[in-house]
Amino acid sequence: MPNLLVPIDLRQGAPTGPSLFALSEARRVAHIAGVTVVAALLGDPRPEEEAHRLAARLGVAGADKVLLYEQPGLDAPALDATHGPALQLLAGRVPPLVVLFPAGGAGMQLGAPLAARLGAAFAAGADLEVSDDPLPLTDSVGRLCLRRWRPDLSVYRRLDPVELERPVVAVLGAHGAPREDGTPEVEFQVIEGPAPQESPNIVELESVADEDADVALAQVLVVVDPAVGADAVAKLAARAPLGVAVVGLDHVCQAALAACMPRLLLRVGVDTVPAVAVPSPRTRQGAILTSPATGAALGRVDVVWRGAGPKAWDALAALLPRLAAEPHGVGA
Amino acid sequence: MKIVVCLSPSRGVAPSSPIGLDDASALALALGLGDTHAVTAMLAGSASDEGPLRRALSAGVPHAVRVVGEDFGAADFHTLGQALGTAIQRVGADLVLTGARSEDDGLGAVPAAIARHVGALHVACIEALVAADGGVEISVRGGGRRRRLRLPLPAVLSVVASGPAMPPLPDSGGEPPAIEVLSLVDPEATVVRRRTELLGQPELPRRTTEEVTSAGALMDALLG
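Chains A and B are the protein sequences, given in the same order. Using our numbering, you'd call the opening residue of the first sequence number 1 and step up by one each time. Using our numbering, you'd call the opening residue of the second sequence number 1001 and step up by one each time.
It should be emphasised that the hints constitute simulated quantities derived from the structure, not laboratory data. Here the structure is a predicted model, which means the values were calculated and not measured. Every residue, glycine too, gets a C-beta built ideally from N, C-alpha and C. Check each hint, because a few of them may be wrong.
Stated by the list, open to error - So the derived label-pair ranges between C-beta atoms look like this:
hint : chain 1 : residue 1 : chain 2 : residue 2 : range
1    : A       : Pro-72    : B       : Glu-1175  : 55 to 65 Å
2    : A       : Asp-181   : B       : Pro-1062  : 58 to 68 Å
3    : A       : Ala-14    : B       : Ala-1128  : 23 to 33 Å
4    : A       : Pro-226   : B       : Gly-1216  : 24 to 34 Å
5    : B       : Met-1166  : A       : Glu-211   : 47 to 57 Å
6    : A       : Pro-226   : B       : Gly-1060  : 24 to 34 Å
Claimed, not checked - Partial list, computed: chain B residues near chain A (C-beta under 10 Å):
hint : residue
7    : Gly-1051
8    : Ala-1112
9    : Leu-1149
10   : Ser-1183
Start from the sequences and build out the full structure, keeping to the hints where you can.
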């Protein structure tokens, strides 16, 4: 069966939520499309018991098979120079039909270089789908495709690896809550990598916690225009539950915004499309505008509330916890 | 240090700005390294795509090159990377800077293809850059960390804007130098795989916007 390779992001030794969701999505399509879901882990050598625990967790999330490539230094944040060759080696072991990077993780550094090496198509933010269009494959399984939208949502492209006759490397778009449709009884293989190469001689001079790291992983992102006021940002942030990030557009780092692929994007007072990573059909977008007349440049939003007054922020803050709840049908 | 800043054609950029946000940031970082470094602005496209190059020249970049070959507007990132990489090797560069995301498709894959073609190290989405002894120092985020790294050269680095507003670019005034046109006649470098082949066929979306008048209705509609 063809392989769907999911590179896993780890934080403090555990898979990130978007990584587990990517496996869930892969599992969702696996039976229909007839693919094997392979989780790819890159990391420092770790105790056998810990590795097996990790593999079992990935199996529960949806992996059929887990490949762990161990090499000193790979627990560091991913860069193509340090992690790219190892990932390419794994892609060589299990030639993929699709490589599906989780949102908000290493895909930003490793996705495009891997596509360049494999001669693959690349989609910076995409959703998995299975269809019989244009034709089902000969063995009657569905065709695994990726759908990628332009940043302004004006148009999307469908990437079909069978039609393209080459693999597709993609970073998964809007993410949601992972499901647990798999089993811990997973095929597990550890690959011990060679000693790190001498080049490319990258020296880490400083490493501090990224204060915007949660933005990249947020399922729900609320972006607030500075004109709305710092009070509104504070009110909303104070009531934001886990998984909901509230950021002032003037304070948040653009790199974090660019990595964020939320399932729900709410713009407060922001009447232009912020540089959030590519949304997808499953990114529900809402906008709250302070003036009835604004919003000409909104782009495509699903819901808009025009002319919201100062009291709107209190009402919105009180309702924010609802946003953390998984809406019916997401990822289904 | 010889620096090439690769710019995206101005297709899809707001008419008020001839250059994209991330491209402008890449240009600002290159110019911020100082006069001791030779900066070249480069773009693959037709004469009608020259807007970003003209802006780079007016910002003080002494040399601008437009790469011509096949229809780059219809080319995929492999082809663009190959074409730009070939041109960069002709011009010569220790450091290549690009915007992290183009304003139209926003793939961010061309820098990786350039790096592969020229055999240089590649780091995406850097936020700061200074020249260091024999290399460069960069700031980059990932894995929950914000890191400062020293990199050897040659390197291809994509730059993400530090804020939502355009970085201030100088305007030198006066008559800018002419844009050099570099034709790639090497057949191997001008093989264009059509965008529709590698990126799929565009289809129009079907989305509608619902108007609401309260926070509760907004939540209901979003979560519905």
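Outcome of the hint check:
With their beta carbons about 57 Å apart, Pro-72 (chain A) and Glu-1175 (chain B) fall inside the hinted range of 55 to 65 Å. A hinted range of 58 to 68 Å for the beta carbons of Asp-181 (chain A) and Pro-1062 (chain B) is consistent with their spacing of about 59 Å. Remark: the range hint 23 to 33 Å for Ala-14 (chain A) to Ala-1128 (chain B) is upheld by a beta-carbon distance near 30 Å. Pro-226 (chain A) and Gly-1216 (chain B) have their C-beta atoms about 26 Å apart, which keeps the hinted 24 to 34 Å range intact.
For Met-1166 (chain B) paired with Glu-211 (chain A), a C-beta distance near 24 Å fails the hint of 47 to 57 Å. A hinted range of 24 to 34 Å for the beta carbons of Pro-226 (chain A) and Gly-1060 (chain B) is consistent with their spacing of about 30 Å. Proximity of Gly-1051 (chain B) to chain A is violated relative to the hint, the smallest CB-CB distance being about 19 Å (cut-off 10 Å). At its closest, the beta carbon of Ala-1112 (chain B) sits 4 Å from a beta carbon of chain A; the interface hint therefore holds under the 10 Å criterion.
Checking Leu-1149 (chain B) against chain A: minimum C-beta separation of about 6 Å stays under 10 Å; hint holds. With a cut of 10 Å, the hint placing Ser-1183 (chain B) at the interface with chain A is violated, because the nearest CB-to-CB distance is about 24 Å.
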